[in-house]
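Colleague: Here is how the chains run, residue by residue.
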Amino acid sequence: MQEGVSSTASVVLFLEKLVVDPLVRPVLWGVFLFGLFLWGVMTWILLYHWKSYSFDQQKIRGPKRLYLYVSAVLILLMFASLISFSL
Amino acid sequence: MIDIQPGEKVVLEVRRHWYVLLIETLFLSLFFISPFITLCIALFGGIPISPEAFALWIFVSSGWFLLGWVLFFVIWTNYYLDVWIVTDRKIIDVEQHRLFSRDISEFGLDRIQNITIEVSGILPTMLHFGNIHVETAGESRKFIIKYVPHPDKVKDVIFKQHEEFMKSRMGRSSL
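Chains as they are written, first to last, in UniProt numbering: chain A, 1 to 87; chain B, 1 to 175.
FYI, nobody ran anything at the bench for these hints, they're computed from the structure. It is possible that part of the hints are untrue.
[What the hints assert, rightly or not] From the derived model, a few chain B residues whose C-beta atoms are all more than 10 Å from chain A:
no., residue
1, Phe59
2, Gln96
3, Asp103
4, Ile115
5, Ser120
6, His133
7, Phe143
8, Ser168
9, Gly171
[Said to hold, decoys possible] Straight-line Cα separation of at most 27 Å, DSSO-like style, residue types lysine-lysine; simulated pairs:
no., chain 1, residue 1, chain 2, residue 2
10, B, Lys9, B, Lys142
11, B, Lys9, B, Lys146
12, B, Lys167, B, Lys155
13, A, Lys59, B, Lys155
14, B, Lys9, B, Lys153
15, A, Lys64, B, Lys9
16, B, Lys167, B, Lys153
17, B, Lys160, B, Lys142
18, A, Lys59, B, Lys146
19, B, Lys146, A, Lys51
20, A, Lys64, A, Lys51
21, B, Lys146, B, Lys160
22, A, Lys51, B, Lys160
23, A, Lys59, B, Lys153
24, B, Lys9, A, Lys59
25, B, Lys155, B, Lys142
26, B, Lys146, A, Lys64
[What the hints assert, rightly or not] One side only, chain A facing chain B, incomplete, derived with CB under 8 Å:
no., residue
27, Ala9
28, Met42
29, Tyr67
30, Ile75
31, Met78
32, Leu82
33, Ser84
Just so you know, even glycine gets a beta-carbon here, dropped at the ideal spot from N, CA and C.
Extracted from the complex, chain A is given alone in its bound form (with noise of 0.2 Å):
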């Protein structure tokens, strides 16, 4: 437990850190729209799938609604803590 307390304090030094590092607003801005580009291509590339290769077409929409959905709610909560971050 003890060294679990000291490599988080660790971490969260280094977070500590990267907060008042002018560079690292514009650097997450960054990883985040290429996180977005990446989920985007995924999500084709899965969607593509159901749609050509799914057997029944009405037993797919379920988990995919459930993917979107959850995958939105993420991405909101990803863009609301960078504002947050970034005010």
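Got chain A; can you put chain B on it based on the hints?
Modeller: Positioned in the frame of chain A, the structure of chain B alone reads:
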């Protein structure tokens, strides 16, 4: 593409047991719990966290979850698209190796010569899953579907369809 003729009835879709999906996605649980573990250690260890650092933690954790979420659906897609479709005329074997890599083969029910099921091990016995081997006439290749839930029931359904198909064929040829 899966070719179903007009008038052809789909009797059964067979996928691997959920246990296979669970094993393949087990490592992803680390994805989902690791951000919480770091937060818990920080909170219970009395390490002060500024609001900016917390916002950064949310950003990193959400990105981490998103990566895990996409990976889960890549694995699930490979699981879901790997299927045997039993119709009243044939069996279609779709082998999904990974994204953009799949084999589709099919054989008529009249070509089935023998079906064997194989259940070996404690877990397959307890969770009721196993392998089904189908031998067909004129094919050196054996068709195998692995980790099928309730293989005995699947075997019965295939045999029943085989019998009905052969009866209808004999009925047509005697006319």
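Colleague: Does each hint fit the structure? Answer for all of them.
Modeller: Tested hints:
1. Not every C-beta of chain A lies more than 10 Å from that of phenylalanine 59 of chain B, the closest at about 4 Å, which undercuts listing it as non-interface.
2. For glutamine 96 of chain B, the condition that its CB be more than 10 Å from all CB atoms of chain A is violated, with the nearest at approximately 8 Å.
3. The beta carbon of aspartate 103 of chain B is kept farther than 10 Å from every beta carbon of chain A, the shortest such distance being approximately 12 Å.
4. The Cβ of isoleucine 115 of chain B sits about 22 Å from the closest Cβ of chain A, beyond the 10 Å cut-off, so the non-interface label holds.
5. The beta carbon of serine 120 of chain B sits about 30 Å from the closest Cβ of chain A, which is more than 10 Å, so the claim that it is off the interface holds.
6. Residue-level check passed: histidine 133 of chain B sits 23 Å from the nearest beta carbon of chain A, beyond 10 Å.
7. With a least beta-carbon separation of about 18 Å from chain A, phenylalanine 143 of chain B lies farther than 10 Å from that chain, consistent with its non-interface assignment.
8. Listed as outside the interface, serine 168 of chain B is consistent with that label: its C-beta sits roughly 24 Å from the nearest C-beta of chain A, beyond the 10 Å cut-off.
9. No beta-carbon of chain A comes within 10 Å of the beta-carbon of glycine 171 of chain B; the shortest separation is about 30 Å.
10. Between the alpha carbons of lysine 9 of chain B and lysine 142 of chain B the distance comes to roughly 24 Å, so the proposed pair stays at or under 27 Å and holds.
11. Taken as a hint, the lysine 9 of chain B and lysine 146 of chain B pair is honoured in the structure, with Cα atoms around 24 Å apart against an allowance of 27 Å.
12. The suggested pairing of lysine 167 of chain B with lysine 155 of chain B holds, with an alpha-carbon distance near 18 Å, which does not exceed 27 Å.
13. Only pairs whose Cα atoms come within 27 Å are accepted, and lysine 59 of chain A paired with lysine 155 of chain B is accepted, the gap being roughly 24 Å.
14. Under the criterion of a C-alpha separation no larger than 27 Å, the hint pairing lysine 9 of chain B with lysine 153 of chain B is consistent with the structure, at around 19 Å.
15. Our distance criterion of 27 Å between C-alpha atoms is met by lysine 64 of chain A and lysine 9 of chain B, whose separation comes to about 26 Å.
16. Of the pairs offered as hints, the one joining lysine 167 of chain B and lysine 153 of chain B holds, with about 21 Å between alpha carbons and a cut-off of 27 Å not exceeded.
17. Simply put, lysine 160 of chain B and lysine 142 of chain B have alpha-carbon atoms about 20 Å apart, close enough for the 27 Å limit, and the pair holds.
18. Between the alpha carbons of lysine 59 of chain A and lysine 146 of chain B the distance comes to roughly 22 Å, so the proposed pair stays at or under 27 Å and holds.
19. Restraint check for lysine 146 of chain B and lysine 51 of chain A: the C-alpha separation of about 25 Å stays at or below 27 Å, so the hint holds.
20. Simply put, lysine 64 of chain A and lysine 51 of chain A have alpha-carbon atoms about 10 Å apart, close enough for the 27 Å limit, and the pair holds.
21. Of the pairs offered as hints, the one joining lysine 146 of chain B and lysine 160 of chain B holds, with about 21 Å between alpha carbons and a cut-off of 27 Å not exceeded.
22. For the given pair, lysine 51 of chain A sits about 32 Å from lysine 160 of chain B by alpha-carbon distance, which is inconsistent with the 27 Å threshold.
23. Pair hint lysine 59 of chain A plus lysine 153 of chain B holds up; C-alpha atoms about 23 Å apart against a cutoff of 27 Å.
24. Taking the CA atoms of lysine 9 of chain B and lysine 59 of chain A, the gap is near 17 Å; set against the 27 Å cutoff, the hint holds.
25. With a C-alpha separation of about 15 Å, the suggested pair lysine 155 of chain B and lysine 142 of chain B falls inside the 27 Å cut-off, and the hint holds.
26. Proposed proximity of lysine 146 of chain B and lysine 64 of chain A is supported: the alpha carbons are some 26 Å apart, at most 27 Å.
27. For alanine 9 of chain A, the interface hint holds, since its Cβ comes within 8 Å of a Cβ in chain B; the closest pair sits about 5 Å apart.
28. Using the Cβ-Cβ criterion of 8 Å, the hint placing methionine 42 of chain A at the interface with chain B is satisfied: the shortest such distance is roughly 5 Å.
29. At its closest, the beta carbon of tyrosine 67 of chain A sits 5 Å from a beta carbon of chain B; the interface hint therefore holds under the 8 Å criterion.
30. Interface hint status for isoleucine 75 of chain A: upheld, as the beta-carbon distance to the closest one in chain B is roughly 7 Å, under 8 Å.
31. Taken as an interface hint, methionine 78 of chain A checks out: its beta carbon lies about 4 Å from the nearest beta carbon of chain B, inside 8 Å.
32. At about 6 Å, the closest approach between the beta carbon of leucine 82 of chain A and any beta carbon in chain B falls short of 8 Å, and the interface hint on this residue holds.
33. A cut of 8 Å between beta carbons decides the hint on serine 84 of chain A: the least distance to chain B is about 5 Å, and the hint holds.
When held up to the earlier numbered hints, the structure conflicts with 1, 2 and 22 and fits the remainder.
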